[in-house]
Amino acid sequence: MKPSFPFINIQKEDFDLTSEIATLRQGYKNIGAVVSFVGTVRDMNEGENVSILELEHYPGMTEKALEKIRLEAHQRWKLEASLIIHRIGQFSPSDQIVLVAVASQHRENAFYATHFIMDYLKTNAPFWKKETLPGGRTRWVDSRVSDKEAEQRWAT
Amino acid sequence: MKPSFPFINIQKEDFDLTSEIATLRQGYKNIGAVVSFVGTVRDMNEGENVSILELEHYPGMTEKALEKIRLEAHQRWKLEASLIIHRIGQFSPSDQIVLVAVASQHRENAFYATHFIMDYLKTNAPFWKKETLPGGRTRWVDSRVSDKEAEQRWAT
Amino acid sequence: MIHILYFAHLRERLGQTEEKLPAIHATVSDLLVDLATRGEPWKEALVDNSSLQIAVNHDIASRETQIKAGDEIAFFPPVTGG
Amino acid sequence: MIHILYFAHLRERLGQTEEKLPAIHATVSDLLVDLATRGEPWKEALVDNSSLQIAVNHDIASRETQIKAGDEIAFFPPVTGG
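Protein sequence lines, in the order shown, are assigned to chains A, B, C and D.
To convert, note that position 151 of the first sequence is 150 in numbering that gives the first Met the number 0; the numbers rise steadily by one, no gaps.
To convert, note that position 156 of the second sequence is 155 in numbering that gives the first Met the number 0; the numbers rise steadily by one, no gaps.
To convert, note that position 14 of the third sequence is 13 in numbering that gives the first Met the number 0; the numbers rise steadily by one, no gaps.
To convert, note that position 24 of the fourth sequence is 23 in numbering that gives the first Met the number 0; the numbers rise steadily by one, no gaps.
Any given hint could be a false lead.
Claimed, not checked - The calculated lysine to aspartate or glutamate pairs, modelled on EDC-like cross-linking and capped at a C-alpha distance of 20 Å, are: (1) B:28 to A:53; (2) B:129 to D:11; (3) A:147 to B:42; (4) A:77 to B:13; (5) B:63 to D:71; (6) B:28 to A:19; (7) A:28 to B:107; (8) C:67 to C:11.
Don't read these hints as lab results, they were simulated from the structure.
No experiment lies behind these values; they were computed from the predicted model shown.
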C-alpha cells in the first residue's frame with residue numbers, strides 16, 4: 000500500500016541513518032546541506048533510571064500532524080526535501096526513537112527547519128511516552144514547559 | 000599512529016553516517032539527541048555548472064583549528080560528544096564533503112553546537128575549494144560575506 | 000453515532016480505549032459534561048482537567064468545537080513524543 | 000631559518016608552495032615587504048591585498064605578529080571549506 004504521506008513514517012522497526020539520508024537525497028544534485036536529528040532513549044529521566052520506554056500514538060492523526068509540521072517548514076524555508084520517521088512500541092536505553100532529516104541548498108535553512116520540526120513535533124504530534132523505572136514501576140512522562148517555550152520561539 | 004585529536008578527521012575517504020554516529024555515541028547512555036550536518040557537493044555554484052570540486056587544506060593547522068572550534072562548542076553548551084570529519088581531494092556533485100555530529104542530553108544544545116561548529120568551520124578552518132566548470136575552466140571559490148555574517152551572529 | 004478515543008494515561012484512568020455513542024451533542028463541551036455524569040474518574044479526567052487535549056477528526060479542537068454524526072473525537076493528555 | 004607556505008590561489012599566483020628564508024625579519028610585515036621586492040605578482044598578492052590571511056605556527060596571525068627562527072609562516076586567501 001502506498002502511504003498517503005511518503006515523507007512521514009510511523010514504524011516499529013529501527014531505521015538506518017545512512018540509507019534514509021540516501022533516499023532523501025536521491026535525484027537532487029543541488030543539495031549542499033543535510034541536517035538530521037536523531038532522538039534516542041536516555042537511561043535516566045527526572046533523576047530516575049529508565050529501563051523501558053514505551054511509545055503510544057494516535058494512528059491517523061499522527062501522520063496528519065507530522066505532515067502539517069513538515070509542510071509548514073517547507074513554507075518557512077527554502078528546502079529541497081525532508082522526512083520524519085517516528086518509531087512506536089517498546090524501547091531500551093540508547094535505542095533510536097525519531098529521525099528528522101532536511102536537505103537544502105544552503106545550510107542555514109536546513110538547520111532552522113530541522114530544529115523547528117522537532118520543536119513542533121514535541122508539542123503537536125500525538126505521541127505519549129511511558130517509562131518503566133526500577134522495581135517495575137511505570138509512569139507516563141509529563142510534558143515539559145521547556146518544550147512549550149521552545150515551540151513558542153518559532154511563532155510568527 | 001594514534002591521532003592527536005581523536006574527534007577530528009581530515010581524510011580522503013568517504014564516511015558512513017550510521018557508523019560514525021554509532022562510534023560517537025558509544026559508551027554514552029545519557030544521550031537523548033544527536034544532530035548531524037553533512038555538507039555535499041552541489042552541481043551548480045554562482046550560476047555555473049560544477050563538474051569537479053577540489054579541496055585543498057593546510058595540514059597541521061586544519062586539525063588544530065577544528066579542534067579549537069569543537070572545544071569552544073563544548074564550553075558554550077552542555078554536550079556529551081562531538082566529531083568533525085572533513086574530506087580533502089577531488090569530488091563530484093553529490094559527494095559528501097564534511098560531517099559535524101554532536102550528541103547531548105537535550106536537543107537544543109546539540110542543534111546550536113552543530114550550527115555553531117559549521118559556521119566557524121566555514122570562516123576559520125584552512126580549507127579552499129576549486130571548481131572545474133564546463134569546458135575545463137577552473138576557479139577558486141570566493142569566500143562569502145554571508146558566511147562571515149553567520150559566524151558573527153555567535154559573537155559573545 | 001460518534002466515535003470516541005482515549006489515549007495514554009486517560010485511557011488507563013478511564014479503563015477505556017474507545018466507544019461509540021449516539022450523536023446527540025452539539026459541541027465537545029456538551030459531550031464532556033455528559034461523560035462526566037458517569038462520576039469519578041470521568042469528571043476529574045475530562046471536566047476538571049485544564050490540560051485535557053481534544054482532537055476532532057484528527058485536528059486539534061477545543062471544548063467549543065461543534066460535533067456531528069460520524070465524527071471521531073479523541074481525548075488525551077499533552078503529548079510527549081520525540 | 001623560517002619556513003614559508005603558500006596555499007590555494009596564492010600558491011598558484013606565486014608559483015610557489017613553500018620556501019625557507021633566513022630569520023632576519025622582526026614581524027610578518029617586514030617579511031611581506033621584503034617578499035614584495037621580488038616585484039609582481041608578489042607585491043599585489045602579499046602587500047596590496049587586504050584579504051590576505053596569515054598564520055604563524057598554525058595560529059591565525061596578523062601583519063604585526065612577531066616572528067623568529069624556526070617559525071612556520073603561512074599565507075593564504077580567505078578560507079572556503081565546509
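Against the structure, the hints:
{"no.": "1", "hint": "B:28 to A:53", "verdict": "holds, 17 Å"}
{"no.": "2", "hint": "B:129 to D:11", "verdict": "holds, 12 Å"}
{"no.": "3", "hint": "A:147 to B:42", "verdict": "violated, 40 Å"}
{"no.": "4", "hint": "A:77 to B:13", "verdict": "violated, 27 Å"}
{"no.": "5", "hint": "B:63 to D:71", "verdict": "holds, 14 Å"}
{"no.": "6", "hint": "B:28 to A:19", "verdict": "violated, 24 Å"}
{"no.": "7", "hint": "A:28 to B:107", "verdict": "violated, 30 Å"}
{"no.": "8", "hint": "C:67 to C:11", "verdict": "violated, 26 Å"}
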